[in-house]
Amino acid sequence: GESVGLHLPTLSVQEGDNSIINCAYSNSASDYFIWYKQESGKGPQFIIDIRSNMDKRQGQRVTVLLNKTVKHLSLQIAATQPGDSAVYFCAEKRNNAGNMLTFGGGTRLMVKP
Amino acid sequence: KAGVTQTPRYLIKTRGQQVTLSCSPISGHRSVSWYQQTPGQGLQFLFEYFSETQRNKGNFPGRFSGRQFSNSRSEMNVSTLELGDSALYLCASSLTPGTLNTEAFFGQGTRLTVV
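Note that the protein sequences, when read in sequence, are chains A and B. Per the working numbering, the first sequence starts with residue 797, numbered consecutively. Per the working numbering, the second sequence starts with residue 88, numbered consecutively.
Source of the hints: derived by calculation from the structure; they are not laboratory data. Warning: the hint list may mix true and false statements.
[Said to hold, decoys possible] Calculated lysine to aspartate or glutamate pairs in the DMTMM-like style (CA-CA distance at most 20 Å, straight line):
no. : chain 1 : residue 1 : chain 2 : residue 2
1   : A       : K838      : B       : E169
2   : B       : K100      : B       : E169
3   : A       : K867      : A       : D880
4   : B       : K144      : A       : D827
5   : A       : K864      : A       : D827
6   : A       : K852      : B       : E169
7   : A       : K908      : A       : E811
[Stated by the list, open to error] Here chain B is said to cover these stretches of chain A; the calculated rule only asks that three of the stretch's residues, wherever they fall, bring their Cβ under 8 Å from a Cβ of chain B:
no. : stretch
8   : 839 to 845
9   : 895 to 908
Values in this document were obtained by computation on a predicted structure and should not be read as measured data. Virtual Cβ for every residue (Gly too), placed ideally from N, Cα, C.
Let the hints inform the model, and build the full structure from the sequences given.
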């Protein structure tokens with residue numbers, strides 16, 4: 797499949813454990829944050845989003861936490877499954893900038909059965 | 088409904104040549120954005136088109152250009168190819184650029200190799 801990053805930080809977890817993927821962003825003017833999942837050979841796929849006026853948002857098995865004080869975003873995946881193995885990217889978006897996304901470097905999640 | 092379609096999936100070109108990549112957005116979507124993905128630089132924004140007009144542009148040289156047609160399909164062109172242009176080029180389709188939480192749907196990308 798496609799290689800999306802030869803030197804990405806890697807998080808290796810056991811199936812069933814919880815995963816936490818972190819992202820530091822630089823632009824304090826960012827209004828909106830999104831987590832994407834990219835599997836080999838595919839484009840990024842939306843997982844969950846959060847507006848800058850929130851600090852936590854939950855989805856199905858996923859939670860995003862936003863700490864604007866230290867410009868930090870995290871993605872928590874509960875009961876990680878082999879199908880969660882992928883590269884995860886955080887992205888920022890600003891108001892009045894259309895659909896332009898600024899992506900973080902990505903983290904490779906490997907789930908051991 | 089059909090997703091974002093990018094053609095071709097794979098392309099090999101020689102240095103100095105030019106290349107055109109195509110993107111058909113999801114039916115009804117009018118905003119198309121392009122990204123370059125490389126192992127070294129990650130995912131970088133190239134440009135966004137809406138209603139046949141370029142709305143935003145990333146920090147790429149003028150060799151990278153694009154356009155959008157009246158049916159919202161978009162093409163991007165890279166002229167005078169360099170080895171460093173080898174990358175996965177991704178297209179993202181959105182309804183409009185107007186709201187912050189407008190979701191972007193990505194295609195599978197075109198893998199360009201410059202030799």
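Tested hints:
Simply put, K838/A and E169/B have alpha-carbon atoms about 25 Å apart, too far for the 20 Å limit, and the pair is violated. Note on K100/B and E169/B: the hinted pairing holds, with a Cα-Cα distance of about 10 Å set against a maximum of 20 Å. In summary, the hint linking K867/A to D880/A is not supported, as the alpha carbons are separated by about 25 Å, beyond the 20 Å threshold. Between K144/B and D827/A, the direct Cα distance comes to roughly 19 Å. Compliance with the 20 Å bound is thereby established for this hinted pair.
Pair hint K864/A plus D827/A holds up; C-alpha atoms about 10 Å apart against a cutoff of 20 Å. With a CA separation close to 43 Å, the supplied pair K852/A and E169/B exceeds the 20 Å bound. Pair hint K908/A plus E811/A holds up; C-alpha atoms about 6 Å apart against a cutoff of 20 Å. Check on the stretch 839 to 845 of chain A: 5 of its residues sit with their Cβ under 8 Å from a Cβ of chain B, so the three-residue criterion for coverage holds.
Counting residues of the stretch 895 to 908 of chain A whose C-beta sits closer than 8 Å to any C-beta of chain B gives 8, which meets the bar of three, so the coverage hint holds.
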